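Trainee: What follows is each chain in one-letter form.
There are 2 protein chains.
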Amino acid sequence: MKIIGIEHVGIAVDDLEETSSFWGDILRIAHTHTEKVESEGVNTKIFDTGKGKIELLDSLEEYSPIRKFLHKRGPGIHHVCLEVEDINIAIKELKESKIQTINENPTIGAEGYKIVFIHPKFTGGVLVELAEKPI
Amino acid sequence: MKIIGIEHVGIAVDDLEETSSFWGDILRIAHTHTEKVESEGVNTKIFDTGKGKIELLDSLEEYSPIRKFLHKRGPGIHHVCLEVEDINIAIKELKESKIQTINENPTIGAEGYKIVFIHPKFTGGVLVELAEKPI
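Protein chains in written order, with the numbering used here: chain U, 27 to 161; chain G, 27 to 161.
It should be emphasised that the hints constitute simulated quantities derived from the structure, not laboratory data.
Just so you know, these numbers come straight off a predicted model, no measurement behind them.
A hint or two may mislead.
[What the hints assert, rightly or not] Heads up, simulated DSS-like pairs for lysine-lysine below, C-alpha to C-alpha not over 25 Å straight-line:
(1) Lys159(G) <-> Lys140(G)
(2) Lys77(U) <-> Lys77(G)
(3) Lys77(G) <-> Lys159(U)
(4) Lys118(U) <-> Lys121(G)
(5) Lys121(G) <-> Lys147(G)
(6) Lys159(G) <-> Lys77(U)
(7) Lys140(G) <-> Lys77(U)
(8) Lys77(U) <-> Lys28(G)
[What the hints assert, rightly or not] Covered, in the sense of this in silico footprint (three residues per stretch, anywhere, with C-beta under 8 Å from a C-beta of chain U), are these stretches of chain G:
(9) 45–55
(10) 65–78
(11) 144–150
[What the hints assert, rightly or not] Using C-beta positions, here's what the derived DEER-type ranges look like:
(12) Leu42(G) <-> Gly76(U): 26 to 36 Å
(13) Ser65(G) <-> Glu119(U): 16 to 26 Å
(14) Gly50(U) <-> Lys147(G): 11 to 21 Å
(15) Gly100(G) <-> Glu64(U): 44 to 54 Å
(16) Glu130(U) <-> Glu122(G): 48 to 58 Å
A virtual CB, placed ideally from N, CA and C, is assigned to each residue, including glycine.
With the hints as extra help, turn the sequences into a complete structure.
Mentor: Structure (structure tokens):
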């Protein structure tokens, strides 16, 4: 597979608006996108440095993975997302290396990216997302 | 301050060599650097996507911050590092906004970067490192 770069760092937050002020007003990273991603059960606000994004994630539902993470660990870095050239080639290669993805097939995440998550038990404890940019 | 991009994501690991195989052999991200950073109490292996690095961190000492993190949370994402144009301007602006950095003055981190960490209580629970590239 071909990794193009760090697409974003996903951060679980208690309050999107409150946390946004640090990234937007203090660090002055451009706020480029806001989206409700029903398939992932999250509200997201994206700040783009131009070389990697910061994606703030707030839970839409009582039992979403983000809510579970917040209950267990409190707010903080939830995952790192790497941009890949071709998500299907990446999934195929991971399967050949006996690395499990959480979903077998890509789903559509924020900004229309095709995404898949790799289970932390195969990565040394890190939730890794792979994402292919929409054409 | 001017944020240039995500410089790296720092990951606390139990075993540098074992974890390296996921980033280097499975994802095939180029391993570009290995360094013992005495000032931070860490051994580090760096993988560079060309657009943001993955920095694996192993503790050199019994009582280092990385060891404390590993004891408390287990292996996982430890911090996100943003590259800034000028670290002294960044520290000055943070101070004006009443945002505390862990050290008052920059220290020298891996690859000779001038670095400073922002306390997680000001960022919504995220340990944020700012780094200025050496000339």
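Trainee: Each hint should be assessed against the structure and marked as holding or not.
Mentor: Now the hints, each set against the structure:
1. Lys159(G) <-> Lys140(G): 7 Å, holds
2. Lys77(U) <-> Lys77(G): With Cα atoms ~6 Å apart, Lys77(U) and Lys77(G) stay inside 25 Å; holds.
3. Lys77(G) <-> Lys159(U): 15 Å, holds
4. Lys118(U) <-> Lys121(G): 49 Å, violated
5. Lys121(G) <-> Lys147(G): This hinted pair holds, its Cα atoms lying about 15 Å apart.
6. Lys159(G) <-> Lys77(U): 15 Å, holds
7. Lys140(G) <-> Lys77(U): 19 Å, holds
8. Lys77(U) <-> Lys28(G): 13 Å, holds
9. 45–55: holds (count 6)
10. 65–78: As far as the segment 65–78 of chain G goes, the hint holds, because 4 residues have Cβ atoms under 8 Å from chain U.
11. 144–150: holds (count 4)
12. Leu42(G) <-> Gly76(U): 26 to 36 Å: At roughly 31 Å between Cβ atoms, Gly76(U) and Leu42(G) fall inside 26 to 36 Å, so the hint holds.
13. Ser65(G) <-> Glu119(U): 16 to 26 Å: Between Ser65(G) and Glu119(U), where Cβ atoms are some 38 Å apart, the hint is violated.
14. Gly50(U) <-> Lys147(G): 11 to 21 Å: 18 Å, holds
15. Gly100(G) <-> Glu64(U): 44 to 54 Å: 31 Å, violated
16. Glu130(U) <-> Glu122(G): 48 to 58 Å: 50 Å, holds
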